Each structure stands twice: as structure tokens, then as C-alpha cells.
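Q: Listed below, chain by chain, are the residues.
Number of protein chains: 2
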Amino acid sequence: MAEPLRRRLPLLLLLLLAAGGLRAAERSGGSSSAMEELATEKEAEESHRQDSVSLLTFILLLTLTILTIWLFKHRRVRFLHETGLAMIYGLIVGVILRYGTPSTSGHDKPFSCSQEDRPFTTLLVNVSGKFFEYTLKGEISPGKIHNVEQNDMLRKVTFDPEVFFNILLPPIIFHAGYSLKKRHFFRNLGSILAYAFLGTAVSCFIIGNLMYGVVKLMKLVGQLSDKFYYTDCLLFGAIISATDPVTVLAIFNELHADVDLYALLFGESVLNDAVAIVLSSSIVAYQPTGENTHAFDAAAFFKSVGVFLGIFSGSFMMGAVTGVVTALVTKFTKLHCFPLLETALFFLMSWSTFLLAEACGFTGVVAVLFCGITQAHYTYNNLSVESRSRTKQLFEVLHFLAENFIFSYMGLALFTFQKHIFSPVFIIGAFVAIFLGRAAHIYPLSFLLNLGRRHKISWSFQHMMMFSGLRGAMAFALAIRDTATYSHQMMFSTTLLIVFFTVWIVGGGTTPMLSWLNIRVGVDPDQDPPPTNDSFQVLQGDGQDSARRNRTKQESAWLFRLWYSFDHNYLKPILTHSGPPLTTTLPSWCGLIARCLTSPQVYDNQEQLREEDSDFILNDGDLTVTYGDTTITANGSSGPHTATTNLDSRRKKSSSEEALERDLGAADHEVTSRGTRLVFPLEYNA
Amino acid sequence: MAEPLRRRLPLLLLLLLAAGGLRAAERSGGSSSAMEELATEKEAEESHRQDSVSLLTFILLLTLTILTIWLFKHRRVRFLHETGLAMIYGLIVGVILRYGTPSTSGHDKPFSCSQEDRPFTTLLVNVSGKFFEYTLKGEISPGKIHNVEQNDMLRKVTFDPEVFFNILLPPIIFHAGYSLKKRHFFRNLGSILAYAFLGTAVSCFIIGNLMYGVVKLMKLVGQLSDKFYYTDCLLFGAIISATDPVTVLAIFNELHADVDLYALLFGESVLNDAVAIVLSSSIVAYQPTGENTHAFDAAAFFKSVGVFLGIFSGSFMMGAVTGVVTALVTKFTKLHCFPLLETALFFLMSWSTFLLAEACGFTGVVAVLFCGITQAHYTYNNLSVESRSRTKQLFEVLHFLAENFIFSYMGLALFTFQKHIFSPVFIIGAFVAIFLGRAAHIYPLSFLLNLGRRHKISWSFQHMMMFSGLRGAMAFALAIRDTATYSHQMMFSTTLLIVFFTVWIVGGGTTPMLSWLNIRVGVDPDQDPPPTNDSFQVLQGDGQDSARRNRTKQESAWLFRLWYSFDHNYLKPILTHSGPPLTTTLPSWCGLIARCLTSPQVYDNQEQLREEDSDFILNDGDLTVTYGDTTITANGSSGPHTATTNLDSRRKKSSSEEALERDLGAADHEVTSRGTRLVFPLEYNA
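Going line by line, the protein sequences match chains A and B.
Just so we're aligned, residue 58 is where the first sequence starts under the numbering used here, counting upward by one.
Just so we're aligned, residue 58 is where the second sequence starts under the numbering used here, counting upward by one.
Worth double-checking, as some hints may not be accurate.
So the derived list for chain B, only partly shown, Cβ under 7 Å to chain A, looks like this [stated by the list, open to error]:
# : residue
1 : T120
2 : L121
3 : I123
4 : W127
5 : L397
In silico lysine-lysine, PhoX-like type, Cα no more than 25 Å apart, as pairs [as the list claims (entries may be wrong)]:
# : chain 1 : residue 1 : chain 2 : residue 2
6 : A       : K391      : B       : K449
7 : A       : K388      : B       : K130
8 : B       : K449      : A       : K449
To give a feel for the contact side, a few chain B residues facing chain A, derived at Cβ under 7 Å [as the list claims (entries may be wrong)]:
#  : residue
9  : I116
10 : L119
11 : S236
12 : F474
Because the hints were derived from the structure by calculation, they are not lab data.
The model shown is predicted, which means the values in this text are computed figures rather than measured ones.
Beta carbons: idealized from backbone N, C-alpha and C, even for Gly.
Sequences and hints are given; from them, build the entire structure.
A: Printed below as a string of C-alpha cells:
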């Protein structure tokens, strides 16, 4: 630190092991122990300096990206999305680092030796009586040894993939869950689940098989220089099937595009991240335990499905449980008197979900997603006003930084990653395969869903979903996780190119595509679409559309009727300060427990209803209507509220509306908006 | 990930190098390459799982700490401070990890060999035709090899010291700068600088020399088993001289203790962190380049002083420059329309200061401290309202988490750190030395300062400062930075014990000590002390106290009069949207530049004054008064405002008060508090 411009010491010295002995590379310098200590200190200093520089590179990259994003937003440039921009800057810096930085040291070639055993994770080396510990960094392909030797800086900017999984992904996914518009999400839940689970599995399977064909072809023409198993192809399918929520979310949020389309795309991409993770780890688990059985095996396949379901439900449970624990803690302690402590606790609990799931062998991403949803639904209500805005803002900033960091890093990785294997045949094959895989996933599934859905997914929506299947951070994170073998390296390089292509083309093309497909934009996502200017309905040219819409609600209703009443009567009162007192909802023999669990606030102000609640009450309103009259006469045009339907729904939500009315004095503005939101869905039945 | 309870694979396999050959430890498992790949995958999985568990350990520790902190705050427990609590939890978990976790694998003893050369940072090992890269983790003392072998978990929770320096310290220090109460800080700046610079140097030198005596003694009685140079002793002095701002800040903030005492202690501890860092790196730099010259050398000493001054001013400049750049960027772009981008930029720029300074060979801590002050003074004014609260809250949360993490980690390190050397003589010597060092630093310096100060530092303040010299995160971070040699390991272990002792004793004893010394608490730190209940003055029994107080202000005034007018007339208008237009303050020939640099807002509302400004205007108010009348007749009792003095000061700050009055409609509440703050200091002259 003290003397910045001290000549760079040769940092990367190779100790080469021969079968018969130890051969050390030559090193200039003194021989006394004092000198050695000094040299070690200087080296540590130099290493620290380089760490700083590599981090600084990323930070400056991000700063540059932010400034350019601002410029783009300011000038309303839409042809390139901010994530694409981050990647371009990453690419440029990667090129500079790759070709612009001097080599740190030049050494003689590594000594060849053959040793039968496999490498160890830790080496303990005894040098002049002192023991030094070395840890395994990874394999280096023989052709790349020179690069490794020569450019220390490149090694520094190549992050540990663990960083992606443990540090960068959780805030992104948590934010997605925490800021999820639950209403639209749940309204389309059936379709979302179908797209995410079935669709991703179909896509994975199709891509995997197509790629296996490509690999066979490559073997035939002699383009393949190492092993590439069937399971590797399936793994590639799993990696590349995950569409990215990031860009979709950003663009659709900005344009206020159709809420249903948004919900479908966002829901699919958020959940299929999770599905892809679980799929890829299932495939790894399903890899044969014996030799030479990287082929397909029915028993192993079903085992894999079992593993898949186990992991998914386990992760889901873990996320929900942590969310519930946080809700209970924030409810029963008076932590809200200290917003800082509260925010910190909230942050830590949410992050620990991720780590807990990973430590138990589940997938953290799934867990953290459902944790986010649970936190938004329950814990958020218990937080102090300050903590609410603080947690939202904190995760927003973290999400933003992590996301841009990942995209910058992707750009950088194209040039700084040491083990790229670009195979033109494989890459072209992969592009064709993901196109076909996406098509085979969207169109047939939409057709099947439309058979059941009254509110059809229109062709324009299907085309948009087909187009929006861009691959992003998750595919990259999955691919970089294991780059030890030839096949994985090739998969990583191809994934990187696919991510670049889709982010640039799809990210930039979303706006033109939306207008070309006549999908309406400029909708307030917090409101139901006003029935008068619903271009989607107009496009379908279906007069009975709103009738269908209502029946769609009825259909999805049975899924949630039970859940909602359970949630409203038991979970909300237990986990938050709102809802009816448990003493009224629980059977009388539970009196003591009910009194313990119900917070005193509930008795004082049963009316305490937060925004999240009104979201759900809205759903309730919809549901109630569907109980009451399933034969609907009016079409989608707005009309005056009918007293009967109003009363009908009021029967269920009387307490909540009373609450709103009582609240009026306290927060005029908010209640007004709540009011309109409560009234809106009833217009369909006028 | 797929199968959680798979048996733990032996992870730590030792490859032992003998002089004549290579001897590998045995390993169970198949020999086929497919099996090997699978095993590697499983191992990577297992390693990932362990990473998660180790992070989870810390997060659960922090969660527990937060809950207990809340309980303590709720019950108003004061005998143990939260940082002490975090350490205790850390200790408990450390004990569990140390003695409670099973050994992962048992291996045969390492093979002894002697090799003349020193260890390399990277090993390249050729195993069956594939190259694997290993990086140096550090030296292991021969006695500890068994522990290393047996407990992989302990290694996992032992963090890289770089993490402390690059990730955890910057937010803590930045927050200190960003939330600094500038007024009290600047009022005592002279004394603070004296304590921080002179005092720390004196303390370092005294402790270093005392410890050298202890080391000599140890050599005499045969307690020393390896080399311990004079420079090592001085380094220990530098490491242990840094008092910690963390606990002082927390306790004093909570109790609202005397603002001047708070300013002195906080200012000293913040700046002496920086001084200690610079001192310790100067000492490393000043270590002889030849052999056997770890003794004192006058030329080298002056070189060291030069290095010290160079590093300090360089770091200061770097911090200020980054702050100014951020201010310019936020002023001249319309980034405030996108608060998220703005916050992200602010965050990145502030962090990059740290890294930039480290990369250039300066000290990041000093840079980030002054960056924080600059950001608070200029950039803060340019931010959107949302970004202001967001940046404050973001750094508050980060600071809180980082701080508690460091203290938990310290507790943990006592048991999980592998290279402890506890020497009772050295430890007792160190405790005596820091006591004497602190005494030799506080009392003589206070005496000298009191010669110059009109507003004396009372005995009770001196005793409190003597008592509050607790060592914390910075000492730990400095000590853990280099634990390669015997002397450094002993220093690290001793530092850890000193930190424990001082945090527990001093942290817990602050409140009793304050009341024992009759130092008043419950003062609003945003206000000047109301003269009526100034126990400090009462204790001094000095009737002319307030007269002195005003003359103190006059004295410190000359330091800032020039600076303030420069800042107000040129820097503020250039860097923010406030202050007088440059067109009026710059000479006419600079007209073009002035017009370019002055933002249009300034012309529209020259009155635009933020809270930070009123802080400074308050200073200005004080200064104005001291220009006007230096002979003061009244004593400290409060009285009605005299019209003349009011007018006197109004002459200077007329525009600002007009601004405030005009603002009244917009934000009643805030303006009222501003108003009182503006009026308060004038009471002294009533």
C-alpha cells in the first residue's frame, strides 16, 4: 500500500510436480529469511492492490452503465435495453483486459507427469519445515496454461461462481417475490404453473434431444474432441430453458403493458428459473452411479421426477416457513419500535432462507422466491412504516446493482473466461433448438390451456411470449456453476452467446414487437383493465368476452376459495395484526390459544387493513360475485353498480369495508384509491 | 444439492511432497473417469453446501444478536452493549464449531521434507495429464496441522481478511462520515486533530517501546520461541492505538451525552482509525530493505513520517475528489428524476473511492471518510428527496450489519482461528502498555490543549476519554491482515483479547462512568447545549464560562472564516443547486464559466437551503457574532434575544432566513425546528 508503483513481483510461480521429484521454477530475489518475509508482505500488498483494481473495474463499469442508462431513459432510447448496455460495456472492458494488460510473468513450460489418482481439493506442502496450504482452483486446459501464466489480472476478475449463487441471485429473486403483483399473478396461476412446469420440462427435453442429435452429428464430422453424454445434453436443455424475468420485468413495467400478458410472462420466467435449477440438479442427481451409463434409463427418469418434486416442494416449504417465522417474530416482539433492527432482521431472515435451503440440499432460489411472497403477504403488515419503505428500497437497490453486475460480468466473461470452447455447429444447433423448444412449449400449451380457459390467450399474446423467451442471468449462473469438463465448457460458451443474442435482440425488440402485435401499453398495473378500451377483447372480436372473463374467475376460484378463507380467518390473524380475531374464527375449545395468538391491536382496530389486504379482498370480491350469480347478462361496458351484487359481495367483506370507512379520516388519499380498486371488478356485473 | 444427506465425502485430502517423490493419501472410490467426474461434482456440491452453512452460521448469529439487542433495548439493559453481545454469541458459536463438529476426515501425518526455496502463491499440478491450479492459503503452524486436517468447517468460517477491508469496513466508515454532525466536529477540530494525530503517534510509540521491553523480558525468561523485531512492536503499537468509534458512537448517541465530549471522542476515534492504518503501513514500508536491520533508524523514521503525510493527504484528496465528482454528476445530469439510479450511483461512487484509494496505494478508510463528509456537504443537496432518505437508510443498514458481523466474527475467531499464540506475559504487558499509552496520550495532550483552549477540557472529560479508549473493529482488522509470522500471530491473539476486554468492560461501563463523572446526558445533539443545565460548566465552577466559550469560537473561527466564505461563495454554487449565483461571486471576466456552472435553479430560488446548509449557517451565525462583539458581559443563563445581536447576525444570513420564511408554507414542521436551531446560539450573547 505504501509504495504504489513498486515493480510488479512475479506473482504466479509454478511449482511443478514430476513423477520422480519436485522441480521449482526459478525466482529472483534474496535468500535470507528477512528478505523473504519482506517479499511476502510486498506480494500480499500487491495482491490486495489487484483485488481492489478488479473490484474497481466492476464498479466503474456499473457507474458507466448507470450514467448511460440515465441518458437512454432521458432521451427515451428504446432500441437497446439497459441490461444489453451493461453487457456491451462488459465486453469492451473484457477486450481491454484481455489484450491491453501486460503479462505479469513469463515462465518455463509446466513439467509433464502422469499420476493415476484424481486431484485433491487441498494440498499441504512442506517447504523448509513450514507447512503451507493450497486449495484447488480448478482444471486448466493444456492449451490455456500460457494465458493463465501470463495474465494475473484476468484471473482476478474471474469470480467464483458461488458468488453468483450466494450473493447476487438472492436479492434479485427475493425482490421479484416481494414486489410481485399478487392479484394478476394468482388470477393466471393455472396457466403460469403450466407454462413454468410443463413448458419448461418440454422445452428442456426437446432442446436436450435436439442437442444430442447435434452432438452425434458433430461426432460424425469429427468436430467433437472429447466426451459429450446424453445427460450433458439434457443438462444443457435445463440450463437454457430458463427464461429471464429481469428484462421482461423491466420493459413491461416501464411500458405498463397488458397486465395479463405481464403476469403470464413474469410468472413463467420467475418460476421457470426455479424449475430450471431443480431440473438441472435433478439431472445431475440422475446421472448414473456406475460407469458408462450416461444413456437414458426409465427408472432413473422417474427417480429424477421424484427428486424434482421433492426438491421443489421442500424449497417451497422452507421459503414459506421462514416467511412465517419472520412474520411471527415481527408480530410478537415490539421490534417495530426500532426500524433499523427490524429492517436488519428482515434482511437477514430473508437471506438466511436462501442459505438454509441450499444447506439442506433444496434450491435457494425457489425458497427465496416464496419467502419473498410470504414476507410481502404477512410480514410486511407487521413492519413499521419506516421499515416498509426501507425494506422495499433496500431490495430495490440491491436488485438493481446485482442485476447490472451480472450483466456486466457476462460481457466481461466472454473475453476474460479462460476455458471457452466455441463450436460453430453446436452454437447454430443450440439456436435452432431453443427456437424450436420455445415454439413447442408455447403454442401447444397455449392451445391446451385455451381449451380450459374462458379468457383465451390470444395469438398476439402467444407470439409475444414466443418472442420474449430471452435467456439471462439464471442461464448464465447455471452454466458457470460447473465448467470443469469439456462438455460443460462448450455449454457455457454457447449459453453466453445465446444470452447475448437474446438480450440484445429481444430486449431491444420488445417495444416494436408490442406495437406490431397491437398489444396495449400504458395500463396502470394496479388496476383491472377498464373494459371500455380493452384492445385485447376487441382483437378477439368476441362479444361474450366479459362473460367468459367472469367464468374464468369462477374457474380459478375453486383453487383459492378454500385457501382464501383459511388465510383470512386463521393465517392472517395469527401472523399479522389484521383480520378477524381468532377468538371468533377458531372453535371455542381453542379459546386460550386463540387469545394468546391474537394481538391486542386486532380487538382495538379490526379494521386495520393494508394495501396487501385490499388486493386480496379484491379477489374475494370477485369470488363472491361468482358464487352469487354465475349467469351474467351484461357485456364488458361499464355501468352503474347494481345494489344486489354490491350487497352480495358486501356480505363477505363487510368488516373490511367498514374498516375502510372508519379509516377515512386518517388517510384520505389512500382510502380513495382503495375505494376505486374495490369497486372496479363489480362493474362487470352491472 | 439433490441429495442432502449423502455421506460427507472426505474433502480434505493431503498431497504430501517428499524430497524424493510424491506420496498421495489413500482415497476410497472408483477408478473410472466417469466415477471421477461424478465424485468431483459431488464434492463441488458438498463444498457449496458447506459454504452455505458457514454463511448461514453468521446470519443466524446476527439474527440472534438483533433479537437480543431488541430485548436489551426493550428492557433498557445497559450493562452489556450490543457489540459485546455480538461477541459473546460469536464466542459461543466458535466453541460449538471448535469442539462440537465432527472431523471430516482422518489422515496420516504429513510427510516431512526440507526444501530451500520459499512457497509460491500458485501451484500448477499435473495429474494424469490434466492441469490443476492451486492457490496458497497460508502457512499452518506444525502443531495445528491436525486441526486443519480434521475440521473443514473451521476453515470455511475463517474469512479472508480482504473481506474485512474491502467489504465490511467501507460502509462503516462511510456512514460515520456521512452522518457526521459537522458543527460539533468542526468546533473542536483543533483538539480532535491533536488527539488523533499527535495522540495516536505518542500512544503508538509508547506502546511500541513498552512492548519491546516486554519482548526483551520474554526473551530473558525464555518465553519467546521465535523472532520478534522492534518494528513488530511498533506495528503492534499502531494496531492497538486505534480507538473504536463504533461503540462510543452507539452509546453516546443513545444517551444523548454531552455533544462536545461526543465530538471529541468520535472525532478522535474516527480519525485515529485512519491514522493507525497509515501508521501501520508506514511502519511496514519503513521496515529495512536489507537484512538484520529491524532496529530503529533515524533516516528511515523521517522517511516514514514523509510516507505518512503523503498517504494521508493523498487519501484525503482522493476522498474529496470523488465526492466532488459525484456532486458534479448529480448536479449536471437530471439523474434525480430516477431515484433508483441516483442511489445506485451514489453508492457505487462512494465505494469506488475506497477501492480507488487502495488501488493507488493510499488508504481507503481515510478516503472513504472524507468522501462521506464531502457527499454529506455537497452531493446530498443535489439528490432527490427519495434518494436522500434512501442513501441514509441504505448506509445505516449496511453499517449496522457490517458492524455486528465484525463483532460476531471477532467472537468466533477466538476459537476458530487456527494460529493463535497466547503468551500470558505478552498479554499482561500489552494491557499495561495500552493503559499507560492511553494515559500518556490523553492527560498531557489535554493539558497542552487547555493552555490554548478557552473552553477547557475538564478533568471529568479527560477521565471519560481515558476510559473510553476501547479497541474494536479497526484493531482487529489491522491485526488479522497479516498473520503469517510468529510475532504477528501473537499480536493478533493479544489484540483479540484486548478488544474483548475493552468492549465488554468499557462498553458496559460507559453509562455508570458517565453518571459517576457527572457528565450530563439527554442532550439533543442537534442543538447547542442550553446554558441553564450545563453540568460541565457547573463542575468547572467557572462563572465566566460562556465568555470563554465565545472566545473559543472566535479562535477556531480564523481556521474556517476563509474556508467558509470560499465554500459558500464558490464551492457550493459550483457543486450544488444552492448558494449565491457564481455570476455574482466570481470576477466579471469569468462570466461565461460562471454562467455555465451555475444551475438555473440558483437564479430561481437562491433561497434554496437544505438542512446541511443551516448547519453551516449556524456556524456562520456564530462566527458573525464573534466578529461583532468579542467582549461579552452576560453569563450562561438564558435570556431574551437582544435585537442588536439578532440583527448583527441577520446581516450575514439575511438571504437564508428569508428563504426559510418563504419555505414556511411548504414544510411547516421542518422549518420550525430549523428556526429554533438558528436562534439558539444567539442566546449566549443575550
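Q: Are the hints correct? Go through all of them and say.
A: Hints, verified against the model:
1. For T120/B, the interface hint holds, the least distance from its beta-carbon to any beta-carbon of chain A being 5 Å, beneath 7 Å.
2. Hint status for L121/B: violated, given a least beta-carbon distance of 10 Å to chain A, over 7 Å.
3. Hint on I123/B holds. Least Cβ distance to chain A is approximately 5 Å, under the 7 Å limit.
4. Look at W127/B: its Cβ gets to within about 5 Å of chain A, closer than 7 Å, so that hint holds up.
5. About 6 Å separates the beta-carbon of L397/B from the nearest beta-carbon of chain A, less than 7 Å, and the hint is met.
6. Restraint check for K391/A and K449/B: the C-alpha separation of about 23 Å stays at or below 25 Å, so the hint holds.
7. A hinted pair counts as satisfied when its Cα atoms are at most 25 Å apart, and K388/A with K130/B qualifies at roughly 17 Å.
8. Using a Cα cut-off of 25 Å, the hinted pair K449/B and K449/A holds, with the two alpha carbons roughly 14 Å apart.
9. Nearest Cβ of chain A to the Cβ of I116/B: about 4 Å, under the 7 Å cut. The hint holds.
10. At its closest, the beta carbon of L119/B sits 5 Å from a beta carbon of chain A; the interface hint therefore holds under the 7 Å criterion.
11. With 7 Å as the threshold, the beta carbon of S236/B stays out of range of chain A, its nearest partner Cβ sitting at about 12 Å, so the hint is violated.
12. For the restraint placing F474/B at the interface with chain A, the shortest Cβ-Cβ distance is roughly 14 Å, beyond the 7 Å limit, so the hint is violated.
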